[in-house]
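Student: Chain by chain, the residues:
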Amino acid sequence: MIWYVSIGLAVLLALSVPVGAALFILGFGLDQFFSQMPLMRGLGQMVYSSSDSFLLIAIPLFVLLGEILVRAGIAERTYATLDTWFSWLPGGLVHANIGTATMFSATSGSSVATAATVATVAMPQARKQGYDQRLFAGAIAAGGALGILLPPSINLIVYGFLTQTSVPQLFMAGIVPGLLMALGFMIITAVICTIKPEWGGPSRSFTWAERMAGLPHLIPVLMVFAIIIGSIYTGWATPTEAAAIGVVMALGIAAFYGAVTWANMRAALLGTIRTTSMVMFVIVGAYFLNFALGATGLNRALSGFLEGFGLGPYGMLMIIVLMYIVLGFFIETLALMIATIPIVVPIVIGLGFDKVWFGILLIVLIEMALITPPVGLNLYVVQGARKEGRLSDVMVGAIPFVFVMLVMVGLLIAFPSIALLFAPG
Amino acid sequence: MTGSDRLAARAMQIAEALRTANRWIALLCGTVLLVAVALIMTEVLGRQFPAMRIGGADELSGYVMAAIATWGFSYALVERAHVRIDLIHNRLPVLGRAVLDIVALASVLLVAVLVAWHAYDVLAKSLARGSRSNTPLGVPLWMPQVVWFGGWAWMVVTSGLLLGLTVFLTALRRFELVEQIASIPVETGEVE
Chain A
1 MIWYVSIGLA VLLALSVPVG AALFILGFGL DQFFSQMPLM RGLGQMVYSS
51 SDSFLLIAIP LFVLLGEILV RAGIAERTYA TLDTWFSWLP GGLVHANIGT
101 ATMFSATSGS SVATAATVAT VAMPQARKQG YDQRLFAGAI AAGGALGILL
151 PPSINLIVYG FLTQTSVPQL FMAGIVPGLL MALGFMIITA VICTIKPEWG
201 GPSRSFTWAE RMAGLPHLIP VLMVFAIIIG SIYTGWATPT EAAAIGVVMA
251 LGIAAFYGAV TWANMRAALL GTIRTTSMVM FVIVGAYFLN FALGATGLNR
301 ALSGFLEGFG LGPYGMLMII VLMYIVLGFF IETLALMIAT IPIVVPIVIG
351 LGFDKVWFGI LLIVLIEMAL ITPPVGLNLY VVQGARKEGR LSDVMVGAIP
401 FVFVMLVMVG LLIAFPSIAL LFAPG
Chain B
1 MTGSDRLAAR AMQIAEALRT ANRWIALLCG TVLLVAVALI MTEVLGRQFP
51 AMRIGGADEL SGYVMAAIAT WGFSYALVER AHVRIDLIHN RLPVLGRAVL
101 DIVALASVLL VAVLVAWHAY DVLAKSLARG SRSNTPLGVP LWMPQVVWFG
151 GWAWMVVTSG LLLGLTVFLT ALRRFELVEQ IASIPVETGE VE
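Heads up: the sequence lines are chains A and B, in that order. Going letter by letter, the first sequence gives residues 1 to 425 in the numbering used here. Going letter by letter, the second sequence gives residues 1 to 192 in the numbering used here.
What the hints contain is simulated information worked out from the structure, not anything from laboratory work. C-beta atoms are modelled at their ideal positions from N, C-alpha and C, and glycine is treated no differently. One should not assume that every hint holds.
To be verified - Which chain B residues face chain A? A few, computed with CB under 10 Å, are given here:
id, residue
1, M12
2, A15
3, L18
4, L27
5, A38
6, L39
7, G55
8, E59
9, A69
10, D86
11, V108
12, W152
13, W154
14, Q180
Stated by the list, open to error - Computed Cβ-Cβ distance ranges for the label pairs, DEER-style:
id, chain 1, residue 1, chain 2, residue 2, range
15, A, S49, B, V35, 15 to 25 Å
16, A, G294, B, V157, 31 to 41 Å
17, B, D121, A, P124, 48 to 58 Å
Said to hold, decoys possible - Non-contacting residues of chain B with respect to chain A, defined by C-beta distances greater than 10 Å in every case (computed):
id, residue
18, G3
19, A8
20, R23
21, F49
22, V157
Let the sequences and hints guide you as you build the complete structure.
Tutor: Here is the structure:
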């Protein structure tokens, strides 16, 4: 039965069956071939209860929040400001890429959206100022990946929903590792560009007056982030309520910049429904498969199978980490995460690890999958916005950042408190 | 224009109409989402100013989520936004790709039919028992469920039509048109 599920999933995905449909079909198969109970009778109720959710509506709300802010030109202004603050560092604008991606991650729940936004704003600058585009583009792909670690994060909401983990705790747990990783990205950029200045571009200095003049442009993003996180942290609002407040604030900011037009709103709403439906189809499929796996006892069989190796908790954890790194080369990240959660998380919990902590570790691994070839969505997104050169340039440029992520994985395992420090119990 | 050109053009007209219809549905979904935002805000502000409180925002937003996600599935389908792995797909010749596109649409149709079938059971049971939600609002459950069931039924229609058109265009060997309606889009940075 273990082989049925893993091989079946691999075959369906290889045939390019949509991931959500593949998960459903595996569930149907379990019912047909392995279950004593008629699981299909629960199908309708399962699908209904996974869609009718006050928690999950946070997903479209956070997507909408990001969509509105992008169209208000927030990214351009943030980028110009961070340029004046960071361009004196070795690596120059590359730091502005990372900084803008970090700021934008803090209001956007999606890595792909973050990478796409920053790439659109930043790539023209790389051309204008004659940067080596490899590191420049790699930094955008990696910085964008922060979108799912720094709250709000769609992936953390999905993880919380599927594993019944507190989303506020997950959000809080993501902040320190996310900021540490952004810092790590900047350090490695500075180191590389000190050793090999030709990998970066011209360092430029700005006057303090110029730097100060830009600061007001950072206020909207920081304010949205502070209110969302503050209200969740203090328990004053649920993630969904915080998301709704965020949408209202984003509308206010867009109105301030004169960006609430019919065309903008239409595009933002359509984009939101498209992204939400794409994510939800996979979630609903995973939810049903989860139910089928539980009912047929596969979860227990798999745990027993793995425990049979006698590797101990950390040995098992290493196997799981390696599995994600390898699968991450080939499988699209959302699919990878959602399809594996029902199987992997119960095992990890059984080994005695913390659910919140593992959620953060999983996200870092997923971020790595986003920027490792051949299938790394962020690489494609950045290359798409670049419209010149070769995809392999972006892949090469992303390698130093993959290294930082590996270090982060190690740190999280060695010092779990990095994630758990600010996660209230 | 040959007869087959005319048939292909007619097929594309149907595909275009399906897309337009789904875009309007998606816009309606987006508008309903904005209504949910307003509703949730009355709840949040209602904690400070009890006069604003309507109550039941969480329950009603859940119904909104069930409605917009389900009806949005079809929109995502015509926009080719559902996640598919193209590892093998993009290494095949056009005919092979068209065959995989047909397999993909057929699998979506299978899922839509089975879920819609069982979704109808859920709806019929709520109707027969007159079930109401176990909350102060006491909403008759058939109301949100009929919208939700409708979304799955519409998914049967959309995926069925798309599948038919894709098979038809493949038989006419108009692979460039198959690509337009059923293939995996090349990543351009405009996704999401």
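Student: Any Cβ of chain A at or closer than 10 Å to B/V157, or is the non-interface label fine?
Tutor: Answer for B/V157: holds, closest chain A Cβ roughly 16 Å.
Student: Holds or violated: B/L27 as interface residue toward chain A, Cβ cutoff 10 Å?
Tutor: 6 Å, holds
Student: Using 10 Å as the Cβ threshold, decide whether B/W154 counts as touching chain A.
Tutor: 12 Å, violated
Student: Are B/L39 and chain A close enough, Cβ to Cβ, to be under 10 Å, as the hint says?
Tutor: 8 Å, holds
Student: How about B/M12: closest beta carbon in chain A under 10 Å, or not?
Tutor: 21 Å, violated
Student: Beyond 10 Å on every Cβ pair: is that true for B/A8 relative to chain A?
Tutor: 24 Å, holds
Student: May I ask you to test the interface hint for B/L18 with respect to chain A, counting a Cβ-Cβ separation under 10 Å as satisfied?
Tutor: Check failed: Cβ of B/L18 comes no nearer than 15 Å to chain A, outside 10 Å.
Student: Beyond 10 Å on every Cβ pair: is that true for B/G3 relative to chain A?
Tutor: It holds; B/G3 is separated from chain A by about 32 Å at its closest Cβ, greater than 10 Å.
Student: A/S49 and B/V35, beta-carbon distance inside 15 to 25 Å?
Tutor: 23 Å Cβ-Cβ, so the 15 to 25 Å window holds.
Student: Holds or violated: the hint that B/A15 contacts chain A, with Cβ atoms closer than 10 Å.
Tutor: It is violated, given that the least Cβ distance between B/A15 and chain A is near 17 Å, above 10 Å.
Student: Hint validation: B/G55 versus chain A, beta carbon distance must be below 10 Å. Holds or violated?
Tutor: Interface hint status for B/G55: violated (14 Å vs cutoff 10 Å).
Student: Hint check: is the beta carbon of B/D86 less than 10 Å from a beta carbon of chain A?
Tutor: Since chain A brings a Cβ to about 6 Å from B/D86, closer than 10 Å, the hint holds.
The structure fails hints 1, 2, 3, 7, 13, 14 and 20 (numbered hints given earlier, in ascending order).
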